[in-house]
Every structure is written in C-alpha cells, then in structure tokens.
Amino acid sequence: MSYKLPIPAKGTHTQPFWDGTKAGQLMLPRCTDCNRVHWYPRFICPFCHSSDLEWIQASGEGTIHTYAVQHMAFGAWAKEAPYVTAYIDLKEGDRMLTVLRGVDPLRPQDIKIGAAVTVEFEPADDDTHIPFWRLVGE
Amino acid sequence: MPGKLSRAAAIVGAAEANEIGFLKQPVTSLQLHIEAIKNLSEQTGVPIAKIEGVFSTGWSSELCEHLGIRPKYIDTTAVGGCSFEMHVHHAMAAIHAGIIDIAVVSHGENGHSAQKIGGRGIANYGLGGGATSPGFEMTAAYGIGGASSNYAHAMVRHMHRYGTTTEDFAHIAKVTRDWATLNPRAAMYSKEKHPFGGPITVEQVESSRMITWPMTILHCCMVADHGGAVMLTSPKIAAGLNTAPVWVAGAGESMGHSNMLEMPDFTATSACHSADAAYTMAGMGPSEMELALIYDSFTITAAITAEMLGLAPRGQGHLLWKEGHAAPGGRLPINTNGGGLSFNHSGMYGMPLLIEAYRQLSGTAEDGVHGDKGKQTNARTCVVNGTGGALSTTGTLVLVSDE
Chain E
4 MSYKLPIPAK
14 GTHTQPFWDG
24 TKAGQLMLPR
34 CTDCNRVHWY
44 PRFICPFCHS
54 SDLEWIQASG
64 EGTIHTYAVQ
74 HMAFGAWAKE
84 APYVTAYIDL
94 KEGDRMLTVL
104 RGVDPLRPQD
114 IKIGAAVTVE
124 FEPADDDTHI
134 PFWRLVGE
Chain L
2 MPGKLSRAAA
12 IVGAAEANEI
22 GFLKQPVTSL
32 QLHIEAIKNL
42 SEQTGVPIAK
52 IEGVFSTGWS
62 SELCEHLGIR
72 PKYIDTTAVG
82 GCSFEMHVHH
92 AMAAIHAGII
102 DIAVVSHGEN
112 GHSAQKIGGR
122 GIANYGLGGG
132 ATSPGFEMTA
142 AYGIGGASSN
152 YAHAMVRHMH
162 RYGTTTEDFA
172 HIAKVTRDWA
182 TLNPRAAMYS
192 KEKHPFGGPI
202 TVEQVESSRM
212 ITWPMTILHC
222 CMVADHGGAV
232 MLTSPKIAAG
242 LNTAPVWVAG
252 AGESMGHSNM
262 LEMPDFTATS
272 ACHSADAAYT
282 MAGMGPSEME
292 LALIYDSFTI
302 TAAITAEMLG
312 LAPRGQGHLL
322 WKEGHAAPGG
332 RLPINTNGGG
342 LSFNHSGMYG
352 MPLLIEAYRQ
362 LSGTAEDGVH
372 GDKGKQTNAR
382 TCVVNGTGGA
392 LSTTGTLVLV
402 SDE
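Those sequence lines, one after another, are chains E and L.
Following our numbering, the numbering of the first sequence begins with 4 at its first residue and continues without gaps.
Following our numbering, the numbering of the second sequence begins with 2 at its first residue and continues without gaps.
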C-alpha cells in the first residue's frame, strides 16, 4: 500500500476496534453496567469502574468540538502541512481526534464548531485501516 | 520516643493483578496496574472514585486518566525497585499532613510479556513510558506534534465559547514582552541580546509566522536553556540564614487528564482545583493576591489559568493584560520576569516561576543583576501556577513575603 503517514502500534485489547475499521465499521467500547461509551479503549470503565465492557458498532456520525490548523508539523506529516486537526464529539458519546477532511486549511474561519462530520476509513497496511472524519456534504 | 510520623498511617489492603507470572497471553503494564487497583478496591470496599493520592513509578498521571479520577496528591518517584517503599513514606507524610486520607501505591510491570510484545514494536503500554498507551495508540495517526499542535485547539474553543479573538490573546504576548525588556536576564530583553528581542506590538504578534492556527510564533513560548534551584528549610533554620524567607502559605495539586483527548472542557484546567486547595490552606483568596506567576506556555495557557485561579471571570482572563492590569505599574503584575514567552522556557517552566516569585517577594528582583528599574514590585503575596502536559496537570502555590 502507498500509505506514508504514521501507523499506530497496537495494544493487546484494541483488536475489535482495528478489525472493525477493516470492515468499514466504527467500533466503540461501552460499559454494560452504566451503559456509557468511552474513548479511548480502557481496561476499566472510567465512569463507574466496572470491568464488564463490550464493543458496539457506532453510527459513524459526529460533530466538530474544536479544531486547529497545523502549519508546523514533523516527520511524515511535515509534507502534508497545512492540515486541519479536530476533536470530534461522537454521536454515541465521548470524543475522538482526527485529521479533518473536506475543509480548506487556508480558510479556517469557514470551519464551524458543531458542524456534522462522518467517518471514513483509509487502508494503511494489512492490519490497519485508519479512521478519518469528513465534513458532511464535502 | 517515636517520631512524629510513626503510625500516622496503616496499610489496609494489598492485592495483585488477576494473573501474574509467565503469562501465555501477553499483557501490558497498564493492564496489570488497573487489575491490581480494581482488586484492591474490591478487597477493601473502598471505591476507586475515593482514591485521593496515587503513588507509582512514573505512571500516576496515566493511571488517574485511565481510572477517570482526579487526585489531590500525585507522586511518580522512580528511583528503582525501592521506589514503592519510598511511596509508602511519602504517602504517610501526605496523610499525616491532612492533605489526603486515602492513598494507593501501584505497580504494574510486564517484564515477561514485554519480551514478546515489546520486541515486535507493539504498543505495550509499559516500555517507553507514557508515549505508549491506548490514548497514544488512538491519537498517533493524526499529525499532532509539538505542544502548540494541541494547545491551539483550546484557543479555538475559547474563541467559540466566549467570543474572544487572537488580538485579545496577542495583548498577553505584548505585555509579557514589556516585562522582559526590564529584565537583563530575559532572552528577549533587547534587540542587542536577540535579533527578535525588545518591545513588540499587538500587530507584530498578529502578523508573525503561523505555527498552529490561530497561534502565530509570538503566541508561543521559546525553547531555550535554563537551570535553577530553590531551597526550603524549617522556620528555625530559616531564621538563622542571611537570606529573606518567603513563606509557603498554601499548596495544592490536581490533574484533569494526560492526553488532550480526555480533556472534558477545552476552556478549563484542573488549576481551579489545585488553586482551591492552595487558597484554602493559605486562608486567603484570589482577591488578596498582589502578584501572579503563571506558566505561559502559550498566550491561551495564561488566559485560561488566570480564569482558573479566580483572578478573572471565565472567558475574561485576557482582559488582565489587555486592560493593562498585568503590565508594569498595573494593579496585578503577572509574569514579571518576562514569562515563558519572553524570559526563558526550556521545556518545563515550573522552576523559573518559583525563582521569580522568590525574587519579587524577597525584594531582590532589582539587585543589579536581575532587573532594571521598574521590575521590582511591592507585592507581598503571590499565586504561582504551573501547568504540565497538554493543559493536563497543575500545581498551585500561595507564597507570602516575611512580615
């Protein structure tokens, strides 16, 4: 594959998430006791401290919580600058970081906090498809 | 005669991770920590949410974030295998002092599993410290690099929520530079000292090179060389020294998160909690502070921290600078050394805050070496706040001069 950007090393308890990305599904951890979704994946529910966690398939819908434009970047990302990073409020709860697609990094004022975004997955290597979020309609 | 600390605290439970030994299924250090703490909670009947102090070899911030708790005492002493006995000692002192009532000393180390999952370059949440964790795993793909790449998100959220502008924050850089021009030891003291030194205007801040929109380079601290140290003694020893004592009236610490992904409110830090503890200990409040030394990694850090310390209402921290209150001659001087923005910032700026607070409160800020005319304030009280990580952790002190 031609993916040239950093690919995350994987932990021991996050395989359902990465399997989901390959199937085009956003999988999120949820506590079966308090029913709340948390992100990133834990060994324990950060809200009620139950150890009974499950994976659910999420809608892949969210909104922009905040964003910034990276003009100075490092490593492989340096060639991509400027690009827009954003924290996404997930429809199911909690928040995810992304590089936002469908926006103009040179017109940051046009990007609206609260705007609807949807997830997409880019193949990076045989084990990894990386989720990115895109402005709805772009 | 037993010492004052003797029997000040008891060990009330001890537990291990679910499985230990030579595990067939590799585990991470983080998993071992969390399982042990969960089992300890069940053994003692003390809920995890009640833990007030976390003691661990370098892991404490990561553990608290994973558990979703906000401790009042954080210790990461890591000096080898004896660290855990020292943690008990430190926890005893904290309990004796009344800072906390419930402490957890935690250990998790995948010495065997690391040989399997470490060797393949897999994030094992154990080797390499905080850089390898599920939080890092889920953020590593997205081009976040230096501190500015994170902090800028807080400025954008502040602008969205409160209607603030980059120009509002630019005043912080301008006023802080004004202080630096009174301090010969400041890196940006003058054009002679540094090509970009000397006074700056708000317009220059706005039009300088973009680092992470909306922050130009003059919204960002420098990365320079710095070394410093402070000494604390008992009152008895202090009385016999030739130097003027500056008293630690209050102290507090807290944290909100480790990874910015976990920051609940991008316009607030845990400084509201650490400051509350410090003010309470001191028996004083923000209105009694005559000086503030605030870690200004970025202009937005200074603005939000001023709000958290109660020096300004939420959303109005920047007005302290914009309206001149924080400037030389103002009612509440802030960052009188020139700050991380214009004095010096080596990476961890907490020490220069302490040194400048001492100089101002001991009346030595203009001793001929450390400041030009106008740098010495009349302040007798000072709130000092350090912020660590990505607006993650905070330590607050209330310092007062000798009467």
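Mixed in with the good hints there might be a few duds.
Below, computed lysine-lysine pairings styled on BS3-like, alpha-carbon distance capped at 27 angstroms [to be verified]: (1) L:Lys-51 to L:Lys-25; (2) L:Lys-39 to E:Lys-13; (3) E:Lys-115 to E:Lys-13; (4) L:Lys-117 to L:Lys-5; (5) L:Lys-39 to L:Lys-25; (6) L:Lys-5 to E:Lys-25; (7) E:Lys-115 to E:Lys-82; (8) L:Lys-117 to E:Lys-13; (9) E:Lys-82 to E:Lys-94; (10) L:Lys-51 to L:Lys-39; (11) E:Lys-13 to L:Lys-25; (12) L:Lys-117 to L:Lys-192.
Just so you know, these hints were derived from the structure itself, not from any lab.
A quick look at each hint next to the structure:
A distance of roughly 34 angstroms separates the Cα atoms of L:Lys-51 and L:Lys-25; the hinted pair therefore is violated under the 27 angstroms criterion. For the suggested pair L:Lys-39 and E:Lys-13, the alpha carbons sit about 24 angstroms apart, so the restraint of at most 27 angstroms is met. Among the hinted pairs, E:Lys-115 with E:Lys-13 is inconsistent with the structure: their alpha-carbon atoms are about 33 angstroms apart, more than 27 angstroms. Taken as a hint, the L:Lys-117 and L:Lys-5 pair is broken in the structure, with Cα atoms around 47 angstroms apart against an allowance of 27 angstroms.
Restraint check for L:Lys-39 and L:Lys-25: satisfied, since their Cα atoms lie roughly 22 angstroms apart, inside the 27 angstroms limit. The suggested pairing of L:Lys-5 with E:Lys-25 is violated, with an alpha-carbon distance near 61 angstroms, which exceeds 27 angstroms. Taking the CA atoms of E:Lys-115 and E:Lys-82, the gap is near 25 angstroms; set against the 27 angstroms cutoff, the hint holds. The hinted pair formed by L:Lys-117 and E:Lys-13 meets the criterion: a straight-line CA distance of about 13 angstroms does not exceed 27 angstroms.
Among the hinted pairs, E:Lys-82 with E:Lys-94 is inconsistent with the structure: their alpha-carbon atoms are about 32 angstroms apart, more than 27 angstroms. The suggested pairing of L:Lys-51 with L:Lys-39 holds, with an alpha-carbon distance near 12 angstroms, which does not exceed 27 angstroms. Among the hinted pairs, E:Lys-13 with L:Lys-25 is consistent with the structure: their alpha-carbon atoms are about 18 angstroms apart, no more than 27 angstroms. A hinted pair counts as satisfied when its Cα atoms are at most 27 angstroms apart, and L:Lys-117 with L:Lys-192 does not qualify at roughly 55 angstroms.
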